[in-house]
Each structure stands twice: as C-alpha cells, then as structure tokens.
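Chains as they are written, first to last, in this note's numbering: chain A, 1 to 182; chain B, 1 to 437; chain C, 1 to 306.
Please note: incorrect hints may appear among the correct ones.
These stretches of chain B come out as covered by chain A in the derived footprint (C-beta under 8 Å, 3 or more residues) [what the hints assert, rightly or not]: (1) 58-68; (2) 83-97.
Taking beta-carbon pairs under 7 Å as the criterion, some of the chain C residues facing chain B (in silico) [what the hints assert, rightly or not]: (3) Ser11; (4) Asp14; (5) Leu44; (6) Ala47; (7) Glu49; (8) Gln58; (9) Asn170; (10) Ala171; (11) Thr174.
No wet-lab data here; the hints were simulated from the structure. Backbone N, C-alpha and C define an ideal beta-carbon position, used for all residues, glycine too.
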Amino acid sequence: MATLPSAGAARTGNNLFLRIVAGLSTLCGWIAAAMILSAVLITCQMIFIRFVLGQSTIWQTEAVIYLVLASTLLGLPYVQLMRGHVNVDLMPLWTKGPMRKALAFLVLGSSIVIIGVMAFYAYEMWHFAWARGWRSETVWAVRLWIPYLAMPVGFGLYLLQLGADMYALAFGIEKPFGLEDN
Amino acid sequence: MDPLTLGLLVAAVTILVLFSGVSVAAGLLIVAGGFLLVFDGMRSLELMPEIFFGKLNSFALLAIPMFIIMGAAIASTRAGADLYEALERWLTRVPGGLVMSNLGACALFSAMSGSSPATCAAIGKMGIPEMRKRGYSDEVAAGSIAAGGTLGILIPPSVTMIVYGIATETSIGRLFLAGVMPGLLLVGLFMAWSVFHTWRYGNASVLATRVYSMRERLEILPRVIPFIVIIVGVLYAMYGGIATPSETAAVGALLCLLIAMIIYRLWSPAKLWGILRDSTRESVMILFIIGAAGVFSYMLSSLYITQSIAEWISALDVNRWVLLGVVNVFLLIAGFFLPPVAVILMAAPILMPIILAADFDPYWFAVILTINMEIGLISPPVGLNLYVINSIAPDIPLKKILVGSLPYVGCMVLAIVILCIFPGIATWLPDLVMGPI
Amino acid sequence: QTELRLSHQWSTGDVRHQVAQMIADEVAAANVGLEITIYPSESLFRAREQYNPLSRGQVDMIVYPLSYSGGQRPEYNLTLMPGLVRNHDHAARLNESPFMERIEALMAEDDVMVLVHGYLAGGFASTGDCITRPEHVSGLTTRAAGRAFEEMLAAAGASISSMASSEIYNAMQTGVLQAVNTSSSSFASFRLQEQVACYTPAGDYALWFMYQPVLMNLSTFEGLTEEQQAALTAAAANAEAWYLEQAKAEDAASVAVFREAGVQIAEMTEDDFNAWLALAQESSYPSFVATVPNGQELLDLALSVE
Ligand code: NA
Ligand code: NA
Numbered sequence: 001m002a003t004l005p006s007a008g009a010a011r012t013g014n015n016l017f018l019r020i021v022a023g024l025s026t027l028c029g030w031i032a033a034a035m036i037l038s039a040v041l042i043t044c045q046m047i048f049i050r051f052v053l054g055q056s057t058i059w060q061t062e063a064v065i066y067l068v069l070a071s072t073l074l075g076l077p078y079v080q081l082m083r084g085h086v087n088v089d090l091m092p093l094w095t096k097g098p099m100r101k102a103l104a105f106l107v108l109g110s111s112i113v114i115i116g117v118m119a120f121y122a123y124e125m126w127h128f129a130w131a132r133g134w135r136s137e138t139v140w141a142v143r144l145w146i147p148y149l150a151m152p153v154g155f156g157l158y159l160l161q162l163g164a165d166m167y168a169l170a171f172g173i174e175k176p177f178g179l180e181d182n
Numbered sequence: 001m002d003p004l005t006l007g008l009l010v011a012a013v014t015i016l017v018l019f020s021g022v023s024v025a026a027g028l029l030i031v032a033g034g035f036l037l038v039f040d041g042m043r044s045l046e047l048m049p050e051i052f053f054g055k056l057n058s059f060a061l062l063a064i065p066m067f068i069i070m071g072a073a074i075a076s077t078r079a080g081a082d083l084y085e086a087l088e089r090w091l092t093r094v095p096g097g098l099v100m101s102n103l104g105a106c107a108l109f110s111a112m113s114g115s116s117p118a119t120c121a122a123i124g125k126m127g128i129p130e131m132r133k134r135g136y137s138d139e140v141a142a143g144s145i146a147a148g149g150t151l152g153i154l155i156p157p158s159v160t161m162i163v164y165g166i167a168t169e170t171s172i173g174r175l176f177l178a179g180v181m182p183g184l185l186l187v188g189l190f191m192a193w194s195v196f197h198t199w200r201y202g203n204a205s206v207l208a209t210r211v212y213s214m215r216e217r218l219e220i221l222p223r224v225i226p227f228i229v230i231i232v233g234v235l236y237a238m239y240g241g242i243a244t245p246s247e248t249a250a251v252g253a254l255l256c257l258l259i260a261m262i263i264y265r266l267w268s269p270a271k272l273w274g275i276l277r278d279s280t281r282e283s284v285m286i287l288f289i290i291g292a293a294g295v296f297s298y299m300l301s302s303l304y305i306t307q308s309i310a311e312w313i314s315a316l317d318v319n320r321w322v323l324l325g326v327v328n329v330f331l332l333i334a335g336f337f338l339p340p341v342a343v344i345l346m347a348a349p350i351l352m353p354i355i356l357a358a359d360f361d362p363y364w365f366a367v368i369l370t371i372n373m374e375i376g377l378i379s380p381p382v383g384l385n386l387y388v389i390n391s392i393a394p395d396i397p398l399k400k401i402l403v404g405s406l407p408y409v410g411c412m413v414l415a416i417v418i419l420c421i422f423p424g425i426a427t428w429l430p431d432l433v434m435g436p437i
Numbered sequence: 001q002t003e004l005r006l007s008h009q010w011s012t013g014d015v016r017h018q019v020a021q022m023i024a025d026e027v028a029a030a031n032v033g034l035e036i037t038i039y040p041s042e043s044l045f046r047a048r049e050q051y052n053p054l055s056r057g058q059v060d061m062i063v064y065p066l067s068y069s070g071g072q073r074p075e076y077n078l079t080l081m082p083g084l085v086r087n088h089d090h091a092a093r094l095n096e097s098p099f100m101e102r103i104e105a106l107m108a109e110d111d112v113m114v115l116v117h118g119y120l121a122g123g124f125a126s127t128g129d130c131i132t133r134p135e136h137v138s139g140l141t142t143r144a145a146g147r148a149f150e151e152m153l154a155a156a157g158a159s160i161s162s163m164a165s166s167e168i169y170n171a172m173q174t175g176v177l178q179a180v181n182t183s184s185s186s187f188a189s190f191r192l193q194e195q196v197a198c199y200t201p202a203g204d205y206a207l208w209f210m211y212q213p214v215l216m217n218l219s220t221f222e223g224l225t226e227e228q229q230a231a232l233t234a235a236a237a238n239a240e241a242w243y244l245e246q247a248k249a250e251d252a253a254s255v256a257v258f259r260e261a262g263v264q265i266a267e268m269t270e271d272d273f274n275a276w277l278a279l280a281q282e283s284s285y286p287s288f289v290a291t292v293p294n295g296q297e298l299l300d301l302a303l304s305v306e
C-alpha cells in the first residue's frame with residue numbers, strides 16, 4: 001500500500017536542524033491556513049458588496065486568487081512535513097534493505113533537483129517583475145512582485161524541507177519512505 | 001523522433017517515475033522538466049514556474065479549498081453522527097438497514113462536501129465501528145463506506161467537476177447539475193445491492209437490532225436541520241442569482257464553519273485549527289498536482305504529443321461506442337494509479353476533442369469520467385478512500401476492504417452502462433434548469 | 001527547413017485563427033523552407049501569458065490582444081481605450097500612424113515586432129433594457145473586457161464584476177451579471193444570444209475596439225533568410241487586408257446571430273457616443289495619463305489620427 005495523507009509526520013529525532021526546519025514548515029502551514037480562511041472571508045465580503053450593496057468590487061477577485069496561490073506554495077513544505085503529498089509506492093514495496101534506501105535517495109534527490117530548478121527560475125521571475133515594476137493589468141493594478149514572491153519563498157522552503165528529509169534519511173532518523181522493514 | 005513514438009516514451013517514463021514512490025506532483029514536474037530539457041533545450045526550463053503560476057492563477061480554483069473546508073468543518077462535529085443516527089432510526093426494519101443508513105448518510109454528506117476522502121472519513125468514523133459492533137462483517141462495513149464515500153465527487157459540489165470544468169472550459173454550474181441524477185442512480189444501485197446481499201447472506205444478529213418507536217424517529221429529525229440549511233443555502237446562492245459556483249463555495253465554507261461553531265459549539269481554537277489544517281493539507285496536495293500537471297501538459301503540447309495522439313485517434317475509423325469503450329478502459333487503468341485530479345488534468349486536453357468529434361455530450365462524459373474516477377478511489381495501488389478506511393480501522397486488512405468494495409465497483413460499472421443507454425439521466429436536469437445547450 | 005510556432009487563445013473556427021492559418025498556408029506554398037505550426041485554444045500558453053515567452057523567443061509568433069500586457073507596459077493600455085477608435089477604417093489609419101510607431105518601438109524593446117495589424121470591435125449586451133448611454137449601466141452588475149472600460153463603466157455607476165469568460169453565460173442566466181461589454185466574436189461564441197434581452201453592436205458609432213495583432217519575435221524574424229522574410233511579409237500583407245474585411249463582417253455576423261435569436265438590437269447615436277466619450281475623458285483617460293510618464297503626449301498622438 002502506498003503511503004498516505006494519513007501516514008504520520010516526518011520524524012525529527014532530537015536533531016536541532018530537523019526541528020528548526022519542521023518548525024518553519026509548521027509555521028508555513030499556519031500561514032497557508034490563514035490565507036485560505038481570509039480568501040473565504042474576502043469572497044463572502046465581495047458577494048455582499050455586489051449583491052446586497054450593489055457596489056463595484058475592484059480588488060477582491062484578484063486578492064483571492066493570489067491568496068489561494070500563495071497558500072498552495074507556502075503549504076508545500078508543511079504538507080511535505082506531514083507526508084501529505086500523495087504518491088504511488090510500488091517500487092518501494094518491491095525493494096528492501098539497501099535497494100530501498102538507494103531508491104529513497106534517488107527519489108528525494110531528483111525531487112530536490114526539480115524543486116531547486118523551480119525555486120531558481122521562480123526567483124528570476126520574481127526579480128524580473130520587481131526590477132521592471134510590472135503590475136497586473138486590472139484596475140487594482142497590484143505590483144506583481146508581491147504575489148510572485150510566494151513562488152521563490154514557497155519552493156525555497158519546500159526545498160529546505162526536502163533537504164531535511166534527505167538529512168534524516170542519511171543519518172537513519174527516518175526510514176526509507178517511512179516504511180518498516182519487513 | 002515522431003511525436004507518437006515520443007508519446008510512448010513519455011508514457012513509459014512517467015509510469016516508471018510515478019511508481020518510484022516520488023510524490024505525484026513532483027514526479028510530473030520531473031518528467032516534464034526532463035523532456036523539456038532534452039527536446040526543447042535549457043531555456044524552456046525557465047518557463048516552468050511561469051506556467052505553474054499561470055495554471056493556478058484562476059478564480060475557479062478557489063472553489064477547491066472551499067468545498068474541502070465545507071466537508072472538513074461538518075466532519076469535525078457530531079453532525080455526521082446525527083445524520084447517521086436519524087437514517088438508522090428510520091431504516092432499521094429494512095434488511096441491511098444499517099448499511100443503507102451509511103450509504104444514505106454518505107450521499108447526503110456528499111451534497112455538502114466536494115471531496116471523496118472527506119465524505120468517507122466523515123461517515124466512516126461512526127459507521128464502520130457501528131456496523132462491526134452490530135455483527136456486519138468487516139468486508140461489508142469497510143466496503144460500503146469506501147464506496148459510499150466516492151459519491152463525494154459525483155453528487156455536487158465536486159472538486160473534480162471543477163477541475164474538469166476548468167480544463168475543458170465547460171460550465172461548472174451545469175456540470176454540478178449533471179451529477180445529481182447519476183448520483184442518485186448510483187446510491188439506488190448501492191442500496192439495492194446491500195438489501196439483496198443482506199437478504200441473501202443475512203444472519204440473525206444483523207437483523208435483530210432494536211426497533212425504534214415513532215416518537216424516537218421524529219425526535220431525531222430536528223438534528224438534521226443544519227444539513228438542510230447548508231444544502232438549501234448553497235443551492236440558493238448558486239442557482240438563485242447571488243453568486244457564481246466558485247463564489248458559492250466560499251459561502252458554503254463560511255456557512256459550515258459558522259454552523260460548526262454556533263450549533264455544534266466548536267469554539268476551541270485547537271479544533272478550528274484542526275479543520276483548517278486538514279483542509280489546507282488536502283487542498284495544497286490537490287492544487288500542487290494541478291500546477292504540476294499544467295507544466296506536464298505544456299510539455300506534451302510543446303512536443304506536439306497531445307495533438308498527434310488526438311489526430312491519430314480521430315483518424316481511427318471506429319464505431320463511437322468502441323471509441324468510448326477504449327477511453328473508458330484507459331480511464332480505469334489511469335484511475336488505478338493516479339488520483340482523480342491528476343487523471344482529469346492529463347487526460348482532458350487529449351480526450352476532449354475526441355469526445356466532441358464522436359458527438360458525445362461533454363457534460364454526460366464528465367459523469368462517465370467521474371464514475372471511472374470513483375472506481376479509481378477504491379482500487380489499489382493509489383486509492384485515496386482506501387487510505388482513509390485504513391486510518392479509521394487499521395485492523396481491517398486491505399484485502400477485506402477490496403473484497404467488500406468489489407460489488408460496489410460492479411454497481412458503478414453497471415451505472416456507466418445504464419448511462420450509455422440512457423444519457424438523459426445525466427443531461428435531463430441541466431437541460432431543465434439551465435436550458436438545452 | 002525552419003519551423004516556427006504560433007500560439008493563440010481562440011478555437012479553430014475563429015477569425016483570428018484563420019488569419020494565422022492564412023499566413024501559415026501562404027508561407028508553406030511559397031516553398032522557402034518555412035513551416036508554421038499553430039497552437040490554438042491556449043494549447044501552449046494561457047491567453048494572458050503569451051507575451052513574455054514571445055519576447056524571450058520561446059514561441060515565435062502569437063495572435064494577441066496587446067492590452068493584456070498593459071500591466072508591464074502601461075502604454076499598451078491605449079490599444080483598448082474607449083472612444084479612441086471610431087470605426088474599422090479609422091482603426092486601419094491608426095495602424096499606419098506615428099502613434100502606432102511609438103507602440104511598435106516599445107515592442108521592439110521587448111524584441112517583438114508586428115506582423116499583422118488588426119482591430120476588432122465589440123459592444124454591449126444586457127439582460128434588461130438596452131444600453132446605449134452611460135446612465136443605462138448605472139446600478140447594473142457588469143463585466144467589461146479591459147481596465148480602461150472598467151474604469152469608465154464604474155464612473156457611470158455600474159458595479160464591475162470580474163469573472164472568467166466561461167462563467168459569463170451562467171452568471172447572466174442566474175442574474176449575477178446583468179450586462180457585458182466585449183468583442184463581437186466573443187458574444188456569439190459564448191452563446192450569449194440565449195441569455196440577453198438587448199444587444200448594442202458596433203455600428204456607425206462604436207466604443208469598443210481592441211488591437212489584436214499577429215506578433216513575432218524580432219530576432220527570430222531577422223534570423224530568417226531574405227527569401228523567407230519576403231514570403232512572410234507578403235503573406236502578412238494579404239492576411240492584414242483580409243483581417244480588416246473580416247473584422248467588419250464579424251460585427252454584422254454577430255448582429256445576425258442575435259437578431260435570429262429574437263434579441264432586440266439597439267444602436268448608438270452620435271450623441272450617445274459623445275456622452276460616453278465625455279465620461280471616458282474624466283475617468284479612463286486621466287487614469288491612463290497618471291500611470292504613464294509621457295501619457296498625455298501619447299494619448300494626444302492617438303487622438304490626432306483623423
Ligand atoms: Na459532493
Ligand atoms: Na486507484
């Protein structure tokens with residue numbers, strides 16, 4: 001069976017680095033949850049303004065989109081910490097011992113590479129919008145570097161959490177794929 | 001390399017990568033990044049975050065976390081228990097009454113929750129222990145909840161219908177309506193089977209439950225009122241000119257949070273955080289897959305694979321029902337391995353032109369697709385509902401859950417066949433409410 | 001053999017796809033070793049996210065409403081400004097004007113050039129009374145395409161609601177939305193004739209014109225052989241003439257669709273037009289001038305086209 005949304009959080013042992021990273025990721029989870037909650041409230045406020053008061057709604061739609069986006073990105077490290085990203089672990093179950101460990105390194109390593117690529121180019125995307133003063137093309141005309149900031153920060157912290165997972169795996173604090181030896 | 005061969009290579013690599021135990025979203029990014037690097041050059045990598053951001057830069061996606069919050073808020077109260085008990089008091093005399101109460105509770109809960117695992121968890125927490133206590137076998141207890149929970153994505157609201165609506169540019173309001181009657185059909189088939197099964201194999205201990213008086217039956221009804229308020233409130237906002245379907249989701253989420261806090265006295269910050277935490281976790285997981293699948297489908301389109309496959313299939317001169325059969329088998333297999341959202345996002349751009357060219361209704365097809373995804377939810381190796389059952393009742397082995405849900409898979413296949421013969425079951429209600437297409 | 005990729009957001013039945021197809025066909029027929037692959041319906045990039053990839057050469061050509069990039073280059077907002085273009089022939093003259101040269105110079109800074117100029121017109125539709133004058137939108141929940149129009153409509157007292165185009169039909173049906181302002185071709189493709197009571201198309205006087213050119217990456221163009229460039233330019237010239245003709249025909253076609261559906265057709269008079277213009281002059285125009293350093297000069301340049 002695959003590991004799952006239900007399969008408990010990452011182990012930190014008594015390691016300071018792991019605990020700091022876990023703390024950061026948890027903080028991200030709080031922020032992400034707060035962002036989703038504010039998206040709910042803003043949308044309801046928008047409906048109220050438009051339907052009950054009959055007034056123009058200028059900024060709400062865009063704000064809500066960016067809040068959900070930012071919540072998704074900041075939620076990445078938290079969900080990684082909680083082992084909530086769904087996967088198919090057929091190969092982990094077919095392998096065992098050192099093979100399974102090697103596979104775990106390969107999987108974590110390639111995740112780190114791809115998320116690193118995302119984080120790097122996300123930073124460039126953010127920097128471009130910031131340096132050139134880009135805005136969204138709406139009446140609200142929000143400075144795009146603000147919503148874009150969620151990309152490098154979210155992917156960056158996700159990268160950090162993946163790094164911590166790699167560390168925990170290397171030092172035997174966490175079992176490969178969180179699976180017990182059978 | 002010709003795009004079709006390349007497509008086969010991509011498919012093989014994707015399967016290999018996803019089976020490795022990497023998370024689905026990261027796996028899709030890895031495959032997309034790898035192929036872009038090799039076939040489009042280094043510079044196409046810098047597009048990845050932009051496409052990821054662009055994919056999630058959509059108001060309609062807001063509905064996903066909102067409909068998940070609705071389910072999570074109600075699931076954390078005793079509302080599910082009330083609903084379940086109310087149904088039980090009314091259905092005890094029927095053979096398999098307890099199973100029917102569970103299925104009915106799942107169906108009603110589905111009308112508030114957009115996600116299947118949430119539905120499964122909400123009803124399963126009471127339902128499974130209760131059924132086992134009353135002597136139903138583990139297979140029946142686990143199987144009926146696993147299968148009943150899948151109704152969450154067919155009966156509106158539905159997260160996967162939203163994803164389908166965005167991917168195919170179809171009306172989300174119409175998609176929701178299209179799921180209503182097939183949802184009822186499926187509930188009917190599930191119940192019919194459970195009555196038959198209990199009658200056929202029923203034992204005395206199962207049937208000898210206490211009989212409730214009329215007074216006891218009426219007494220429980222007020223406790224179902226919050227459910228009615230939420231369902232009517234959401235429907236009124238959606239079809240009464242107050243808000244678009246995506247906006248309605250926020251109304252529903254707020255309504256459910258308020259009802260949880262006021263009626264069920266869910267005041268403690270720890271419990272409220274619990275609701276938000278669970279919702280955040282599920283929605284981040286889904287939205288990450290959506291963003292990553294966006295990058296993946298950019299890669300398929302950029303390498304002209306999507307277009308070539310669509311051209312190749314439409315050039316196949318086959319009967320449209322054969323075509324649908326092939327599509328169905330493809331969806332079933334994909335559903336075994338991938339969560340519904342990922343399947344819809346990857347398959348929709350390829351399947352949509354084919355379905356339309358074969359003159360199938362896109363809303364009817366959404367229902368067929370959804371039922372296939374429901375089967376996927378209770379089939380290994382990736383079946384989100386199986387994990388939920390596993391976390392509720394860790395002592396029931398997977399094999400028993402699977403055996404128990406197998407007959408319900410049969411019901412779903414039967415529903416697909418019925419829908420192919422009578423497509424009106426899906427299209428009648430949307431046509432009635434919103435006018436013909 | 002050079003392969004170019006062209007991206008746009010419309011379906012293959014749309015006039016803008018046909019313009020792209022025309023260029024692709026003519027260039028192929030010219031036999032200069034140039035092949036254009038079209039990616040329609042946002043199959044490569046999402047509608048609003050095509051400009052930057054074009055600027056970086058990750059796609060070679062796009063058909064693109066330039067005002068989508070108004071957040072990056074606020075000057076582009078002038079290409080969707082109320083009352084700036086009076087009719088299609090006026091639009092054609094604007095394309096050849098010093099104003100457009102300035103816009104093209106800005107595009108050149110992003111390594112982008114114009115292959116085919118083109119404007120498309122649009123109008124209003126409402127679920128209630130006809131909209132011809134600013135006072136008609138007062139109190140209506142309206143969806144407008146474009147920032148300058150949103151500002152003008154808000155100044156007229158409308159509540160502006162932004163929503164995805166795929167939600168418009170549903171929103172008009174349930175009454176969330178009471179009026180829409182968009183292009184002639186969009187009206188028909190969203191099947192709004194089924195939901196609205198009155199349609200005010202682009203007629204003798206029209207407010208809504210949007211610049212939707214075929215753009216190309218400048219360096220990619222310069223990297224082609226002279227023969228290929230000539231073939232591409234020739235095809236583009238033919239396409240431009242056809243695009244102008246079709247732009248006019250689109251307005252008439254949309255009227256036919258709405259009339260057939262039994263929708264009332266309203267017309268804007270010169271007086272109505274001037275009322276809108278006066279409103280724009282105190283809402284969208286000053287707002288534009290405030291966001292662009294030499295905004296007034298550019299605006300005057302555009303307004304000076306006869
Ligand atoms: Na549902
Ligand atoms: Na499955």
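Hint check results:
Against chain A, the stretch 58-68 of chain B contributes 6 residues with a C-beta closer than 8 Å to a partner C-beta. That satisfies the three-residue criterion, and the hint holds. For the stretch 83-97 of chain B, the proposed coverage by chain A is not satisfied: 0 residues have a C-beta within less than 8 Å of a C-beta in that chain, short of the threshold of three. Annotation: Ser11(C) was flagged as interfacial toward chain B, and the flag is violated, the nearest CB pair being 10 Å apart, outside 7 Å. Evaluation of the Asp14(C) hint against chain B yields a violated restraint, the C-beta minimum of about 14 Å exceeding 7 Å.
Against a cut-off of 7 Å between C-beta atoms, the interface hint on Leu44(C) holds, since the closest Cβ of chain B lies about 6 Å away. At about 10 Å, the closest approach between the beta carbon of Ala47(C) and any beta carbon in chain B exceeds 7 Å, and the interface hint on this residue is violated. At a threshold of 7 Å, the smallest CB-CB gap from Glu49(C) to chain B is about 5 Å, leaving the interface hint in force. For the restraint placing Gln58(C) at the interface with chain B, the shortest Cβ-Cβ distance is roughly 6 Å, inside the 7 Å limit, so the hint holds.
Taking 7 Å as the C-beta cut-off, the interface hint given for Asn170(C) holds, the closest approach to chain B being about 5 Å. Taking 7 Å as the C-beta cut-off, the interface hint given for Ala171(C) holds, the closest approach to chain B being about 5 Å. Contact between Thr174(C) and chain B, as hinted, is supported at the beta carbon level, the nearest pair being about 4 Å apart and thus within 7 Å.
Checked against the numbered hints given earlier, this structure breaks hints 2, 3, 4 and 6; the rest are met.
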